[in-house]
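K.L.:
The listed protein sequences derive, respectively, from chains A and B. So that you can map any letter, position 197 of the first sequence is 197 in this note's numbering, and since no number is skipped, the others follow by simple counting. Count along the second sequence from 1, add 279, and you get the number used in this note's numbering.
None of these hints come from the bench; they were simulated from the model. Just so we're clear, the structure is a prediction, and the values are computed from it rather than from any experiment. Built from N, CA and C at the ideal position, the CB exists for glycine as well. No false leads were slipped in.
Cut-off 20 Å, straight-line C-alpha distance, at most; resulting in silico cross-link-like pairs (EDC-like, lysine to aspartate or glutamate): (1) A:K172 / A:E191; (2) A:K172 / A:D182; (3) A:K226 / A:E78; (4) A:K27 / A:E17; (5) B:K401 / A:D28; (6) B:K550 / A:D119; (7) A:K58 / A:E48; (8) A:K58 / A:E72; (9) A:K260 / B:D409.
Covered by chain A, per the in silico footprint, the following chain B stretches (three or more residues, Cβ under 8 Å): (10) 421-427; (11) 516-530.
Below, each chain spelled out in residue letters.
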Amino acid sequence: MATTLSTPPQVPKRASEEDVVRAAKRKDRITTWGWRLAGYAFFLGIWELASGRLMDEKLLPGPSTVFRTFGELWATGEVPGAFATTLGRIAIGFSIAFIVGVGVGILMQNRFLNGFFRDAVTIGVTTPGLIWALLTAIIFGNRPAGPIIAIVLTTFAIITVNVSEGIKSLPKDLIDMAKSFDVGVVRRNREIVLPHLAPFIFTGVRFGFSIAWKVTVLTEVFSSSKGIGFEMRTATQLFRLDEFLTWILAFYVLALFLDKVVLETLERRFFAWRGELKS
Amino acid sequence: MSADLRVAERTADTPQPVSVVRRIWRWITRSSLTGRLTFPVVCLIVWLLAIKVVTTIWPFAVDVLPTPGQVFGFMFDEIKGDTVAPHNMYETFAISLQRLGIGMIIALVIGTIIGVAMGLSKAVNAFFNDWVVAILAMPNLAWALFCSLAFGFGDIGPTIVVVLTGVPFVIINVREGVRNTPSDLFDMARSFDVPRERVIWHVLIPSLLPFLFAAARYAFALGWKGLVVAEVFGGQDGAGWTIKFWYDAHRAYGVVGYALLFVIFALIFEKLMFDQLSKRLFKWRPSIDAADVVEARFDAAAPLPASVAAAEAGATATSAAMGSITLATSGPPHQPVDDPSPPPPAQDAPKHPRSNDHG
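All chains, full assembly: derive it from the sequences and hints.
P.N.:
Rendered as structure tokens:
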């Protein structure tokens, strides 16, 4: 009889199978985060230790030096100006590239124009940004048009590819149905075509942005008198690796933030209504 | 009924000359081949017009804008092997290719080791993942400038840049490959007592090979771009250095000509070497191509299939590599590290390894 009294705990146990899973999940997450933090500690530690021991501190400034230099640069007040210049260029160039890319993507639905633009897209995707940077530097000197044209040439193809892919997979049956139920052109486009194209355009924008900011910095290295790239060039020419690393890392963090946090949040907000597709 | 149709056809055909013109016009405007042929012609016309227009606005721009004649003359001279630069085209590309080759081999070795470890263990994956993504997203320019300052001019800097641009792609692809190994084959091998070496040799490696191959392809396409930038800043010779040579000499036709040469070079390499190799290597599995496998993976993992389409349109690994960038940065949605899916309620307790906790 006593044994039967000791058994009841089994019942809640079986009922809490879900809890067990949740606990295991939590444990899993904790160990994952632990390993992740260990990774951070390990790599930052190696970097910090290597500077000054494995390599000269002038050649490889450690993370602490980079932080300190960032504070110093921030105090001089150059940082926001340089960032604003570069970001402004990216914004202008990228908007033009977006318009061109979407336009070409729409035009490519025609078979003749498809053949016409196909090689242009291939060239746009394959040519290294360096070539456009050097070319625009030679042709435009340090006029502001140089970096902008370089951004357009390297980025538009990616947006084009995504847009034309989206158009190709438009839900024809939905459009036909809308047509046969006499839905107007404006409404049809707004409620069927645009929602369908939006994710494709978003993908194009994200890919495009990740390329655009790199090309912008590269172009500025060759042909600009302000902006992040210019500051990087100055730092390397003066052999100030700490400043160089600070500039590039600061901008890199900003670009990653824009890509991962801003664009991703926008995307989630935008496509909240189609939650089931995400999973 | 059919007679009516025939009559209608004949009446439509009767104005013969108009129809021919219209048919030609239709053939021109409807076919993608003519569009493809028109593109270079239009480019040439735009090029010449641009020179005309720009030189009338800024007369001093004459020596800055290269004419098609100059560019193709330059390319012809380079192909013949006579050049003003210190090395001719063939030597230059051989030097660069050597660096690229060494860098890629190092990247493949390191990447395979880390990638296999990351695919097998969640802990190792968590340890490395963020840093792989960070290295992947870092611009070539940063590596190039840093290596040129830290390692001086010569072979070491550019080679390290190739390794750094290539490694994350190899790691990500190999990790995907390991996660994709057919576990049923392993189970079968275990239950039939197949020795370990034979399992590795006959199951693991063949299933990993397409992924490794795709990784090599991306590493080549992106490593090439990285190498060129690195040579611009930290080389004493090689393709990037030579284009910088023409840039410094302020010969725009040299820059354009060389640019065309190394786009052609990369395309030839991609098409001839990798396509042939993949045909040779994967002869035994007729339906699956290396690219297909990885593209299918991206298709499944990436939020949208557009990155795959990019590969088709671009026809090179470069654009497909962009698919792997999203894969790396956004993470495959079914990544077991982040959300181990709860077992279905009907599942037997002993099957679930964690049931040991309360067993």
